[in-house]
Each structure stands twice: as structure tokens, then as C-alpha cells.
Amino acid sequence: MGIQDDVEALKRIPLFAKVEPAKLKLLAFAAERAQYMPGEALFHQGDQADAAYIVLGGKADVLVETPSGPLKVAEVGKDAFVGEIGILCDVPRTATIQATESLTTLKITKDLFYRMVADFPSISLEVMRVLAQRLEHMNEQLRDAVAAKS
Amino acid sequence: MERNLFKYIWRHSWREQVYILAIVLLLQVFYFISLDLPKRIVNDGIRGDAFKNGEVRVETLPFMQMSFGPYPSIGMPQVTLFNGIPLDQMQYLFALCFSYLFFVVLNGWMKQWVNTEKGRLGERMLRRLRFELYDRILKFPLSHFRKVKQAEIATMIKDEVEPLGGFIGDAFIQPAMLAGQALTALYFIFLQNFWLGGLTFGILAVQMAVIPKLRVKVRLLARERQITARALAGRIAESVDGAIEIHTNDTSNYERADIVDRLGKIFLIRFELYKRKFFVKYLNNMLAATTPFLFYLIGGYLALNGKFDTGSLLAAINAYKDLPDPIKQLIDWDQQRQDVQVKYDQVMEQFNPDGMLSPELQSLEGIQDVDPAPLAASNLAFTDESGARLVEDVSLEIGPDAHIAVIGTGASGKEYLGLLLGRLARPVAGQLRYGDHDLLQLPESVTGRRFAYVGEESYLFPLSLRENLVYGLKHRPVEPARYEGELQRHYERRIREAVRSGNPPLDNGANWLDLEGAGVASPAELDGRVVGLLKDVGFDEDVYQFGLRGRLDPVRDEDIAAEFLEARRSLRERLQRPDVAALVDPFDPARYNKNMTVAENLLFGTPVGPELAPDNLANNEFMRTTMRGLGLGDDLVNMGRKIAETMVEIFADLPAGHPFFEQYSFISFDDLPMYRELMQRTGKLGTEAIQREDRFRFVRLTFPYIEARHRLDLIDAEMEEKLLQARRAFAENLPESLRSSIEFYDPEVYNSQASVQDNILFGRLVYGQAQAGQKLGRVIAEVIDAMKLRPRVIEVGLDYNVGPSGKRLSTAQRQRASLVRALVKRPRLLILNNSLAVFDDSTQRRLAERINKIMEGGALVLITDNLALARLFDRVIIMKEGRVIEQGEVRELDRDGSRFRELVGTVAAAAE
Numbered sequence: 001m002g003i004q005d006d007v008e009a010l011k012r013i014p015l016f017a018k019v020e021p022a023k024l025k026l027l028a029f030a031a032e033r034a035q036y037m038p039g040e041a042l043f044h045q046g047d048q049a050d051a052a053y054i055v056l057g058g059k060a061d062v063l064v065e066t067p068s069g070p071l072k073v074a075e076v077g078k079d080a081f082v083g084e085i086g087i088l089c090d091v092p093r094t095a096t097i098q099a100t101e102s103l104t105t106l107k108i109t110k111d112l113f114y115r116m117v118a119d120f121p122s123i124s125l126e127v128m129r130v131l132a133q134r135l136e137h138m139n140e141q142l143r144d145a146v147a148a149k150s
Numbered sequence: 001m002e003r004n005l006f007k008y009i010w011r012h013s014w015r016e017q018v019y020i021l022a023i024v025l026l027l028q029v030f031y032f033i034s035l036d037l038p039k040r041i042v043n044d045g046i047r048g049d050a051f052k053n054g055e056v057r058v059e060t061l062p063f064m065q066m067s068f069g070p071y072p073s074i075g076m077p078q079v080t081l082f083n084g085i086p087l088d089q090m091q092y093l094f095a096l097c098f099s100y101l102f103f104v105v106l107n108g109w110m111k112q113w114v115n116t117e118k119g120r121l122g123e124r125m126l127r128r129l130r131f132e133l134y135d136r137i138l139k140f141p142l143s144h145f146r147k148v149k150q151a152e153i154a155t156m157i158k159d160e161v162e163p164l165g166g167f168i169g170d171a172f173i174q175p176a177m178l179a180g181q182a183l184t185a186l187y188f189i190f191l192q193n194f195w196l197g198g199l200t201f202g203i204l205a206v207q208m209a210v211i212p213k214l215r216v217k218v219r220l221l222a223r224e225r226q227i228t229a230r231a232l233a234g235r236i237a238e239s240v241d242g243a244i245e246i247h248t249n250d251t252s253n254y255e256r257a258d259i260v261d262r263l264g265k266i267f268l269i270r271f272e273l274y275k276r277k278f279f280v281k282y283l284n285n286m287l288a289a290t291t292p293f294l295f296y297l298i299g300g301y302l303a304l305n306g307k308f309d310t311g312s313l314l315a316a317i318n319a320y321k322d323l324p325d326p327i328k329q330l331i332d333w334d335q336q337r338q339d340v341q342v343k344y345d346q347v348m349e350q351f352n353p354d355g356m357l358s359p360e361l362q363s364l365e366g367i368q369d370v371d372p373a374p375l376a377a378s379n380l381a382f383t384d385e386s387g388a389r390l391v392e393d394v395s396l397e398i399g400p401d402a403h404i405a406v407i408g409t410g411a412s413g414k415e416y417l418g419l420l421l422g423r424l425a426r427p428v429a430g431q432l433r434y435g436d437h438d439l440l441q442l443p444e445s446v447t448g449r450r451f452a453y454v455g456e457e458s459y460l461f462p463l464s465l466r467e468n469l470v471y472g473l474k475h476r477p478v479e480p481a482r483y484e485g486e487l488q489r490h491y492e493r494r495i496r497e498a499v500r501s502g503n504p505p506l507d508n509g510a511n512w513l514d515l516e517g518a519g520v521a522s523p524a525e526l527d528g529r530v531v532g533l534l535k536d537v538g539f540d541e542d543v544y545q546f547g548l549r550g551r552l553d554p555v556r557d558e559d560i561a562a563e564f565l566e567a568r569r570s571l572r573e574r575l576q577r578p579d580v581a582a583l584v585d586p587f588d589p590a591r592y593n594k595n596m597t598v599a600e601n602l603l604f605g606t607p608v609g610p611e612l613a614p615d616n617l618a619n620n621e622f623m624r625t626t627m628r629g630l631g632l633g634d635d636l637v638n639m640g641r642k643i644a645e646t647m648v649e650i651f652a653d654l655p656a657g658h659p660f661f662e663q664y665s666f667i668s669f670d671d672l673p674m675y676r677e678l679m680q681r682t683g684k685l686g687t688e689a690i691q692r693e694d695r696f697r698f699v700r701l702t703f704p705y706i707e708a709r710h711r712l713d714l715i716d717a718e719m720e721e722k723l724l725q726a727r728r729a730f731a732e733n734l735p736e737s738l739r740s741s742i743e744f745y746d747p748e749v750y751n752s753q754a755s756v757q758d759n760i761l762f763g764r765l766v767y768g769q770a771q772a773g774q775k776l777g778r779v780i781a782e783v784i785d786a787m788k789l790r791p792r793v794i795e796v797g798l799d800y801n802v803g804p805s806g807k808r809l810s811t812a813q814r815q816r817a818s819l820v821r822a823l824v825k826r827p828r829l830l831i832l833n834n835s836l837a838v839f840d841d842s843t844q845r846r847l848a849e850r851i852n853k854i855m856e857g858g859a860l861v862l863i864t865d866n867l868a869l870a871r872l873f874d875r876v877i878i879m880k881e882g883r884v885i886e887q888g889e890v891r892e893l894d895r896d897g898s899r900f901r902e903l904v905g906t907v908a909a910a911a912e
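Protein chains in written order, with the UniProt record's numbering: chain A, 1 to 150; chain B, 1 to 912.
Hints in this document: simulated from the structure, not taken from any laboratory. These numbers come from a predicted model, not from an experiment. Please note: incorrect hints may appear among the correct ones.
[Claimed, not checked] Straight-line C-alpha distance at most 30 Å; calculated DSS-like pairs for lysine-lysine:
(1) K281/B - K11/A
(2) K78/A - K722/B
(3) K107/A - K594/B
(4) K217/B - K25/A
(5) K25/A - K149/B
(6) K281/B - K25/A
(7) K217/B - K59/A
(8) K23/A - K11/A
(9) K23/A - K594/B
(10) K23/A - K281/B
(11) K107/A - K281/B
(12) K72/A - K23/A
(13) K217/B - K149/B
(14) K59/A - K25/A
(15) K78/A - K684/B
(16) K642/B - K107/A
(17) K343/B - K281/B
(18) K110/A - K722/B
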């Protein structure tokens, strides 16, 4: 479970895929590992967002609060990047993430993330590219939905 | 205190003064003899004048003949006490010379004795004066403390009265001795020759008339210097107190400007002083030097004319030699006298405010207790310094078991009523009675023990929390300290000396804890009571945390240490549970701990002092020898190279001063180029080919490395084994000189250098476990509660030092501490003057309820802005603009149309 494994995990995340290895190493070095027991939550819906997590192993549920109790909307596993919306847009957590089996994550604090982005323009460019792709993807879906309706 | 310094000195030291003065008088006789002898040595001894009785030459002369008379006028014949020893001229010369030596030595010795006695006298008086001044601070009316600057008052007692002490010894003796010496010398010169005497007198008269005039200005300057210096001390203290304001307002340069200006003024004053001082000195020397010139001239002329013998001339010059000095000193003394009188007046002025408390109020004798009674105020009024009426015509009664809330909005004057009831302000009109007693006349021995007062904020002394909490029990020595042998003699001497200096014979080593006042039988019970009260005011959890982080003294607290060891075992068992098993990496002498640094793993103990501190370990000679001995050097160098490589790679592009360097890097930004260069230089070399110095640079990087945190995969099983070997070798061969620099981790021994928590944990928190700290805290709490150790931990927490003015505690913690301090002495009347204001509403409510309960059977007055609290009390007093507008039982007042409803009604409804 050395730092090299963490670097490999980071590489698999689209956001970091094109970042130079040395920078990823720095990110991995500065990030903390955080281990969760089944049933423990990484964060709760409505919490202040302070970090994003990369799942290195294990599984977790994404839960959304509804009037009739928590509703599972998705499941995440190895190589998932969660909680990034919160730190990018500075909004409270939009969902709860709860470990369903022993979960190992790499925790990237907001501070660390912003510093990396500020210090290394290549990372911020990557962030922009990924976000733009997502936007494009969403627009596409919207277009399809509108087309299907009419 | 005496207004006139001389009267003050005389009153307290006349016995010693008279005694020393008598000796001084005797000294003059010796002095005269030592002046006269040289003349006789020259005339009688060397020239043999006395052996020529007219034309007849005698062979011997009687030496030391003692005879009086004859005095025919009173009809007394010659009385001879001693016939003397007949000596010839040579013998006579010898005898005279040795007598001269004898008297010179005797004279010197007695002078030294007089000086010592003077010194002792002066020091005693200084001690008395300092004590009296401090004593006066304790008797200042409280309103005076708003006007005085703490630093200035301290400087006065510490520095400014010090010259007074030096002067006190000289006050009477110095002038007597100097004048005696001068007069004796002058008289002697007159005896030798009338004209020489007259001449000397003339010059001295000029000296004594002119020099003091010149010195007037010097004195004024000296005074100015003192005042400016005192103000400087005050200003510096202000800068320290206002440090936060200075930084948050960027006014440091403004403050600098002020100090620059002050220092400039002080410089000018001091320089002017120098110039004048040296001019006076020059003049003095000139006058002193002209006299011998005249002596030689006139005396020589007379001697040549045969009107004067050479022996007398030499003796006169010799006598004169001693003259200017005492005269100068006498002038000095006179200056000093005026100086210190001015200083004394100034100090007295500062220490003599109106309304000083009478000594009876703090006396250890007199009334010590009165029966519980109602506290009644009638027509009470209070105005501040500007004359504003803050409390007017207040009449009320507080029964011995009444619980009363005083409420009112804004400038209702209720806080001032609190001050009046707490005797912290003096009413300008009206009366305060406690039963049959005038409250203002009750000694503090009653009010300080039976009443308690807590204001909006409280002062804590820079002692342990425990000392602060039981501070309210230290009224008088309950039990004298027992000393033995040498210590007892030392103690007796201490007390004797204190009494001689007019200090009270109080021993701070005695036991001052009034356990009875707290209603307990032993210090252990007192601790128990304090722990209970901490819980009542909601301070127990914080103190528990202090305790966990605190250290105990395994000798004093041997039994506690054993219990904590037991807790260590119990925690180990609990940590077998799967949900918490991964949280702790325990200390195991036989295992490498991945959650500790390499250095900590090698040491495997807590360093004591800087010798083996983690930062110094790589430099430690013994550690280096140990590693070399095991051939560990190459491994560590390789490990250091890998770390350097990684660091150089990933930190390469970061700018200087980037926080990452401080947070994550082993290498500072400044060292980065050095390591980069080092890597290039040694890149191709085999480990063994690297220079010694460079090797050390690499090894240094490995010491702070934590495998679990830094995750560079540098420590494999083989390396672990090697490091464990080093750990063992280090412990086994540790030289005697380093034994006291470390306390090793031993599963069976309490580590006195580590905190209670670390002792129970006896391991490291594992990196990368979410919320490990909180989870573990809960498990430790479980163990401690299961073993009922919480009170013991809190007791350790009571040793926590609260820092200057209690600044190591938060405002709320300080306030909780002062509530405990007030409650520990079981007061009959507790006044809480806005004391709950720092807490949030729900805490205020909880505290008010708790304190209501604790004070059952006693009187409680809560002055508060939190109107909703009023319903918790039996009675309420409503104030407005300094007057009581409504008072009575809450039950009765809680109706429509009452002022109570008007104020509290809606608020309380909202709260419930």
C-alpha cells in the first residue's frame, strides 16, 4: 500500500489522467489515506464540503435523504472519485456516502486540491477539460431527452 | 505612615542609630590619635625633640604613661594610673610607629563595623518600607485600582525605594561621622597653626556654599529622569498588554514613534545631567587642589622662618588630605537627603489614596464569624467619579436563605448594586447591614469566608488549577509547618528577622488550607469536593481532558500510576474488538512500529531534555556509533537517498515558502538545491564511496520518516529487523551519562515523562483510519469509566497550570473556575454579578438551576441580563435607572399588568 499504488489509482481518475506523474506523486504524498468500517459515512448530506475522496478499495452507497428516509441512488467502488462537486462549487454535500464494506480511500482536502490547481496550471486545465466534457455530455443528454419528448 | 522620612527612620530605628552613633563618636578619638601620631613620630621619634629637655638630654622616656592633672583649681593632685615603660629613642620610635599602625588598623576595622551595621539597618528599613507599601496596596480602596498603573506601582516598590534603603542607613550616621571627621581634622589643623586652619576653613566655606547651588539643577534633572523612566516602564507594560490591538490595527510604528520620542527625552535629560555632574566634580577637585598648594607655600614660608616645625606642617597636610573627601560626601549626603525626601513624598502620595481600608478589616484577630442574618440595604446610593447617580434610594432585604434575581435592562444600575452588596464599591449614602452589624465594618475574615462574589470576569493566579480553585480557603495559617534541626533554626531566624523589620511573622510554608471552611476533613476529600463542583458547573470534561494530557509524578502518585497501568491492560483487551482493533499500533519492544518515526523506533522511549530529542538524535554520537557497529549505515544512506530522490522529484516545481514544504517535506526549500546537487554528485557512486559528510546528510532524512504516513515503501521486513537490532543495542549499551535522558517504553512500567493518555494508550494512533482520534477517545473513556478512574484523571487535570491571568483557559473556562472557587468555601451568601454572561442561554439556565440547588439554605443573588432566568428564583428585584421599581415574590409578581410580566413575560414564554 505504498505511495506508488496511490499514484496508479489517481491515474485512473479521468480528472488526473493526463497530469504528469511527478505532480500526481506530490498529490498522493500530501493526501491522506482514510479507512472506513462498513456502516461508517465519509460524509453526510448537508455537511460542509471539506474534501474529495478517491476510492482505492471497497464499496459504498450513495444515499439521498427523502421524506421517507434515505434512498440509495448509486453505488461506488474502486477508482471512483466522490465529493468533488462539493469542493469545486463550495456547496453543501448533496448526498451521503456510506461504506458498505471495508473501504479504503485517499482523502484530498479542499485546501490541498486548490493548492495543486493553483500551483500547477496543467491540473487546472485538466479540471476544466473534464468539467467541459461533463457539461457537453449533460447537454447531449438534455438534447436527447427533448428530442424524445417531441 | 509618617510623612517625614527622617521621623519615619528615627521612629523605627532609633535604638540602632544611637548605638552606632556612640561608636562613631569613639571613632573620632582614634582618628585624632592617628592624625597626631605622625607628628610625634617625626618630632619626637626621629628628631628626638622630646629627649631634649632644654639643654639636658634624657636617655629614656616613659611610653604609654597615663596620668591626669594636677588640677589645682579643683584641688586635685596629679593622679598617675600607669607609669609607662621607659624607652630609649630608637625603641621610642618603634613604639610610636607600631602604635600608629595599631590605631590605623583599629580605625579601619571600626569603620568597617559601622558600615556593616549601617547596611543591616538600611536593609531592614528597606524591607520594612517595601512591606508597608505592599501592605498598603492590599488596603487600597478598590476604586483606586482603576487609576493606578500596575507597572508603575511595581517599579516604585521594586526600584524607586531602593536608594531610600541605601540612604536610611546613612541618614543620621553619615553626617555624624563625616562632620565629626571633618571637624576633627579642622581642629587638628587649627592646633598646628591658626592661620592654616583659618585658610582651610575659608576654602571649605566657599565649597559648601557654591557646590550645593550648582547641584540644585542636577537634582531637578535627576527627578525628571526618574519620572520619565517610570512612565517608560508604564508604556512598555501597555505595549505588552495591548499587543493584540497593536497587531490587528497595524500601529506598531505608531508605538515605535512614541517610544523613540520618550527615549529621546530621556537621552537629553541624562546627557544634561552628565554635563552638569562633571562640571561640579571638576570645580570640587579644583578647590580641593588649591588648598595643598597654599599649604606648601604658606606653611613652607613659615617653616623656613622657623615659626612652624616640619612635623606639624606634614601633619597638617596629612590632615587636610582627609578633609575634602568628607566635606564632599557631606554635600552629597545633603543632596541625597533632599532627593530621597522628594522621592519618599512622591511614593507616599501614590500610596496614600483616600478611603484606605482600616487594618482591623484584615486583622487575624477580632471577630471571625457572625451568625447568619438578613442582608439589608436602606436608601442606598452610589455615584461614580464624574458624579453620575448610578444607584439611588435602594432599599431591600435579602433573607439568609433567599434566592433573588436582580434584573433590569440597559443602564438599570443593577451591576452597581451588585458591587455595593459585594462591598466592592462604597455607597455615598444609605446603609448596608448584615443583621446587627454594619456590613462595611465587618472584617474581611467574615465577609471573605462567609460571602462569595463572582463578577463578569475573574482573575486567576498563574498557578495550577487546583491552587486557584481552593484559593478561597487560604485565610490564615491553619497549622504551622513543622521544621526539624537546621531547618527549624533557619525558620526561627527568618521569623526573627521579619519581626525586626516590622513584617508580620507569617509563614507561607505553613498549611493555609481551611478544610473546615470547605466542610471536608482531608485534602483528599477536598479534591473529591472540587471534582463534584467541577461537574456541577460543567467543567469536569475539560479538566478530564487536561488530566489525560497531563503528567503525574510517579513517586507522589504511586497508587494512581498503578491504576493507570491497570487501565493500559484493560484498554489492550478492549482493543481486541474488531471495530476498534485497527485503531492503535501498540508499543511492543519486539516489533517495529510503522506509525512511529524511525527515530522514535530506535529510541523506543520518551526523551528527557534535549540530549536525545528527535531533532538531535541523528547528531548523537552514541546513536551513530551504535548504527555503525551494526553496519546499519549503508542501509540508512540508501534509504535517505530514496527519500531525497522522491522529494527532489515531487517538490521540484514548488515555489519558496510554499506551505507544502512545512507540512509534508523532509527537506526545506533552502536545502532542496543542495540535495539536488548531492543526488547528481553521488548518483553513480556506490553507497560506500560516498563521503562521510554526505552520508550524514542522507541519514538525517531518514529519522523523521514514518512508514505508515509517508508510504514510500522504504522499510521492509529485513530493514525492520535491523532497526530492531539497533533499538536493542541502543538500550543495552546506553552509557551512564545518557541514562537520565530517556525513559524507555516498558509495558509493565508507568512512563513518568509521558501523558496519562499516552500511558494508557501505550501505542500510536494508526494513520489512515477515519476519525480514529474520536473513536479511540471513546474507548479510553469507556475503560476509565469502567474502572471508575475518571475522578483520578480529573485530579491529575487539576495540576494544569492556568498561565498568567489564567490565559491558558478560555473565558468561559475561567468563569467556570471562578464559580467553583466561590462555591468551594460554602458561602452563606453568593453574589453572581452578571457572572453568567459569557455563557450561552441554555448553559446559563443550567448553571442557574445547579447553583440554586447547591446554595439551598443559603442566600443567592443573581444579577443578570438574561430575564428568562428570573422565573427560577423565589424573589425578583427589578431595577430601572438606578432605582428599584418592583420587588417581591415571583409567584405574586407573575400577573398581568406587573412590571415583571412586562419585562419577563414575553421573553420567558418564548424560551419555554
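Point to revise | Proposed proximity, K23/A with K72/A (alpha carbon, max 30 Å) | key: Distance of about 35 Å is beyond 30 Å: violated.
Check your understanding: Does the alpha-carbon distance linking K642/B and K107/A stay inside the 30 Å limit?
Key -> holds, 25 Å
Exercise for review: For the pair we were handed, K23/A and K594/B, check the Cα-Cα distance against 30 Å.
Suggested key: holds, 26 Å
Check your understanding: If you draw a straight line from the CA of K217/B to the CA of K25/A, is it 30 Å or shorter?
Key -> Answer violated: K217/B to K25/A is near 77 Å, above 30 Å.
Review point. Are the Cα positions of K23/A and K281/B separated by 30 Å at most?
Key: violated, 78 Å
Practice item. Mind checking the alpha carbons of K59/A and K25/A for me, to see if they're no more than 30 Å apart? Key: This hinted pair holds, its Cα atoms lying about 25 Å apart.
**Study point:** 30 Å limit on alpha-carbon distance, applied to hinted pair K281/B and K25/A
**Key:** Violated: K281/B and K25/A sit about 79 Å apart, past 30 Å.
Exercise for review: Could you grab the alpha-carbon distance between K78/A and K684/B and see if it respects the 30 Å cut-off?
Suggested key: Answer violated: K78/A to K684/B is near 40 Å, above 30 Å.
Review point. Does the alpha-carbon distance linking K23/A and K11/A stay inside the 30 Å limit?
Key: holds, 11 Å
Review point. Is K281/B close enough to K11/A, meaning Cα to Cα at most 30 Å?
Key: Given that 30 Å is the threshold and the Cα spacing comes to 88 Å, the pair is violated.
Check your understanding: Between K107/A and K281/B, is the straight-line Cα distance small enough, at 30 Å or below?
Key -> Given pair K107/A, K281/B is violated - Cα atoms ~80 Å apart, limit 30 Å.
Check your understanding: Do the alpha carbons of K78/A and K722/B lie within 30 Å of each other, as the hint requires?
Key -> violated, 36 Å
In this structure, the hints that do not hold are numbers 1, 2, 4, 5, 6, 7, 10, 11, 12, 15, 18, in rising order.
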